[in-house]
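Visitor: Going down the list, the sequences are from chains D and G. Counting from 0, one number per residue, gives the positions in the first sequence under numbering that gives the first Met the number 0. Counting from 0, one number per residue, gives the positions in the second sequence under numbering that gives the first Met the number 0.
None of these hints come from the bench; they were simulated from the model. Not one of these hints is a red herring.
Restricting the straight-line Cα-Cα distance to at most 30 angstroms, the calculated cross-link-like pairs of lysine-lysine (BS3-like) are:
(1) D:Lys127 with G:Lys10
(2) D:Lys45 with G:Lys13
(3) D:Lys54 with G:Lys13
(4) D:Lys52 with G:Lys10
(5) D:Lys132 with G:Lys10
(6) G:Lys238 with G:Lys47
(7) G:Lys146 with D:Lys54
(8) D:Lys45 with G:Lys81
(9) G:Lys10 with D:Lys45
(10) G:Lys81 with G:Lys223
Far from chain D, by Cβ distances over 10 angstroms, these chain G residues were calculated:
(11) Lys81
(12) Asp140
(13) Leu148
(14) Glu149
Backbone N, C-alpha and C define an ideal beta-carbon position, used for all residues, glycine too.
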Amino acid sequence: MHEWALAEAVISTVEKNTGSTDLSMLQEVTVLLGELQNIDIEAFSKGLEMMTKGKGADLELFQLEIEKAVFRCNYCGMEWSLDDYPGVGEDEREAIHFLPESAHAYMKCPGCGSSDFVIKSGRGVTIKSIIVKDREGRG
Amino acid sequence: MIDPRVSVIEKRLKDVNRILVVSSGKGGVGKSVFSSSAALALNVLGYKTGLLDLDFQGSSDHIILGEGVSFPEESMGIRPFKLSNGIDFVSFSLFTGESALPLRGVDTTNAILELLAVTIWDELDFLIVDLPPGIGEEVLDIIRLIKQLEFILISSSSLISVKVVKRLAALLKNMNIPIDGIVENMASDSSSYVADMAREYSLNYLGTIPFVSQLESEIGNWRKLKDGLFVDYVSSVIKQIIY
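Using the sequences and the accompanying hints, generate a full structural model.
Guide: Written out as structure tokens, the structure reads:
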């Protein structure tokens with residue numbers, strides 16, 4: 000599962016930002032999972048669990064939020080979501096799962112048919128916030 | 000918002016000994032044929048070699064080598080597609096085949112970041128990176144994201160090409176990016192523009208590759224390409240860089 004590689008990137012970034020591999024100081028980490036990439040949450044959570052093993056962090060401090068995918072056409076200005084989209088095939092979904100930019104090969108504006116669109120939100124994995132406990136151990 | 004991908008890229012490439020980036024600034028000078036041939040030449044010399052095609056809109060290394068590509072395997076990340084000759088290969092074409100891929104700048108940067116962050120490269124002696132023409136996102140992002148890389152510049156003999164490649168050379172020099180040298184491809188006997196440029200920019204002139212008429216008949220068949228004259232020329236260039 001390539002979710003493991005993304006989970007590792009999240010933990011590595013948290014460690015860089017907090018300046019420590021001791022994660023017991025963490026209060027909460029909020030991770031946005033873009034709807035477009037269709038991350039397997041169970042696999043991603045397993046990756047987080049593996050990467051935090053022995054580092055003092057409770058898996059429950061990781062808040063995983065699904066971010067809705069929104070697209071905007073550069074040609075006609077129409078905005079749409081995945082719910083509005085007529086459908087993408089299984090292989091295409093798989094390609095988008097690996098590399099969300101593959102959407103540009105497989106999706107078109109439902110309004111005008113243009114392939115020139117922006118992924119406004121909900122692309123992939125991003126860290127929304129990292130909250131560290133204070134000296135007394137409070138958030 | 001913090002992008003987590005940047006933090007693991009160095010780790011993904013930690014087992015790669017040298018990263019050779021083939022670039023030009025000018026299109027149509029043979030970067031992809033050179034890149035694919037360089038990977039073949041290194042493979043023949045017995046080196047563990049990878050080939051990363053970052054020319055998203057014009058990806059053609061898989062066409063040059065003639066390998067049907069498909070989704071790569073997943074195992075703790077994405078594993079490069081193993082070509083039948085043992086070269087580890089990554090390209091956007093693994094995901095989108097021959098579909099058109101219209102990407103704007105931010106999409107290109109995102110695609111590069113994602114590929115570099117999730118691809119688990121095995122131990123390699125050399126990774127060849129094939130860049131598209133220009134000095135846009137692909138050049139700037141790869142410089143930003145990969146610390147240990149070396150550029151090989153490609154130019155044809157034409158003044159038009161040389162003038163454009165000079166801009167890339169100046170950019171790389173200003174940023175203190177290592178340049179192994181410049182290769183004159185599809186060379187014409189009557190031109191000295193590339194050699195003059197090499198002197199002007201204190202670059203190694205890595206040699207001349209003439210127009211090889213039989214090359215087209217070797218495209219799409221790596222076995223023929225490997226035994227052909229073009230790869231012979233590329234091998235001579237590569238030996239200057241690796242020895």
